[in-house]
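So the protein lines, in turn, are chains A and B.
Sequence positions in the first sequence follow UniProt numbering and run 1 to 128.
Sequence positions in the second sequence follow UniProt numbering and run 1 to 223.
No lab work stands behind these hints, which were simulated from the structure alone.
One thing to keep in mind: the hints can contain errors.
In silico DMTMM-like links for lysine to aspartate or glutamate, alpha-carbon gap of 25 Å or less [unchecked claim]:
1) A:Lys55 / B:Glu6
2) B:Lys35 / A:Glu101
3) A:Lys99 / B:Asp29
4) A:Lys105 / B:Glu6
5) A:Lys105 / B:Glu22
6) A:Lys73 / B:Glu6
7) A:Lys105 / A:Asp92
8) A:Lys46 / B:Glu195
9) B:Lys217 / B:Glu131
10) B:Lys35 / A:Asp92
11) A:Lys73 / A:Asp62
12) B:Lys35 / A:Asp82
13) B:Lys35 / A:Asp52
Chain by chain, the residues run as shown.
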Amino acid sequence: MDILQVSGIALTGAVLAVVLKQKSPPMAVLLSIAVGVVIFLLVLGKIGAVVDVLKQLSDRADISSVYLGTLLKIIGIAYIADFIAQICRDADQGAFATKVELAAKVLVLVLAVPIMVAVLQALLRLIP
Amino acid sequence: MDVLRELIQTIIVIVVLAVLVEMLLPGGDMRRYVKMVMGLLIIMAVMQAAAGVIHSDLVRDIPAVTAVDSGAPPLDDIMAAGQGLAREDRELAVQQYSKALSGQVLALARMNGELQVLDARVTVDENSAIEEINIVFAAADGDNTPSSQSAGDGARQADQDAGGDLGVQPVVVDIKGGDVAGKESPAPAVTPEQERAAAGQAAMVAEFYNLRRDQVKYEFRDL
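All chains should be modelled from the sequences, with the hints used to inform the complete structure.
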């Protein structure tokens with residue numbers, strides 16, 4: 001039933017935003033941000049179950065929890081950046097959206113560097 | 001055979017995990033980047049599983065993946081430094097509080113003009129509670145007793161001036177201190193009136209600060 005709630009919030013927000021956009025565009029942007037945050041918060045609690053399953057699977061596969069943590073951090077960075085970039089684009093601020101995406105890419109790469117080093121070391125060890 | 005079966009099981013779990021994680025990936029431009037990192041992680045996981053099966057140290061000494069912050073000191077050092085600073089500040093505050101209380105006690109003790117108060121020291125514990133108060137009185141004020149005399153000197157003086165103004169033998173404090181104490185710093189001569197007045201002042205201070213009587217001590221010292 002959660003999807004009904006989310007759909008209702010989104011539909012109401014969309015209708016209100018369309019009406020507001022003609023009279024007061026800044027308020028329409030604020031409304032879209034608010035609706036986005038509310039939907040994000042509604043779904044946030046459900047992610048815990050998925051993360052638990054991922055943890056169990058990684059334990060079963062003997063994958064270090066550090067790796068899984070890094071991966072989840074990267075996914076979180078990507079989602080937040082995507083979310084903010086879309087809001088910026090809705091507000092006709094494409095430049096900001098690009099900058100946010102750039103920052104997210106840099107952060108993802110920074111998190112990925114130690115993993116790359118680890119893979120490289122392991123591969124080099126394979127060579128006799 | 002068991003080893004191979006275990007390896008295949010692990011790889012299947014890794015593949016399922018990868019598919020699950022891929023479903024979580026956001027759309028848009030960021031997807032490519034996250035997929036790249038995820039691919040690396042899958043490579044690592046498979047290699048780790050393979051290394052575990054063949055008991056190899058292939059991926060044993062992997063660098064810490066969370067050590068991406070550079071320049072900042074470790075958290076333990078920061079916490080230890082913070083605790084040290086807090087301890088120093090607390091000690092400083094206790095010192096200042098003790099100093100202020102000493103001044104207060106000194107002023108309080110000087111309100112009664114019977115005795116000359118030289119010094120007051122307040123010992124405070126870590127919880128800012130008063131542990132002990134030491135009040136130093138002048139041994140002789142020049143009117144009632146022979147001034148600036150030690151106990152031994154006072155006794156000699158009394159012998160010489162037998163039948164003096166007071167006609168009372170000065171209290172010889174050597175009885176308490178013994179010979180050794182007497183050699184180093186002879187106790188000052190204190191009259192019973194002074195002793196009584198000092199005890200009264202100490203009791204007054206103890207009552208003022210709501211302390212036990214034995215927490216307020218006093219001593220006499222030559223001027």
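Checked hints:
{"no.": "1", "hint": "A:Lys55 / B:Glu6", "in the structure": "holds (19 Å)"}
{"no.": "2", "hint": "B:Lys35 / A:Glu101", "in the structure": "holds (16 Å)"}
{"no.": "3", "hint": "A:Lys99 / B:Asp29", "in the structure": "holds (13 Å)"}
{"no.": "4", "hint": "A:Lys105 / B:Glu6", "in the structure": "violated (37 Å)"}
{"no.": "5", "hint": "A:Lys105 / B:Glu22", "in the structure": "holds (17 Å)"}
{"no.": "6", "hint": "A:Lys73 / B:Glu6", "in the structure": "violated (29 Å)"}
{"no.": "7", "hint": "A:Lys105 / A:Asp92", "in the structure": "holds (22 Å)"}
{"no.": "8", "hint": "A:Lys46 / B:Glu195", "in the structure": "violated (80 Å)"}
{"no.": "9", "hint": "B:Lys217 / B:Glu131", "in the structure": "holds (11 Å)"}
{"no.": "10", "hint": "B:Lys35 / A:Asp92", "in the structure": "violated (29 Å)"}
{"no.": "11", "hint": "A:Lys73 / A:Asp62", "in the structure": "holds (19 Å)"}
{"no.": "12", "hint": "B:Lys35 / A:Asp82", "in the structure": "holds (15 Å)"}
{"no.": "13", "hint": "B:Lys35 / A:Asp52", "in the structure": "holds (21 Å)"}
Taken one by one, the earlier hints fail for this structure at numbers 4, 6, 8, 10, listed in ascending order.
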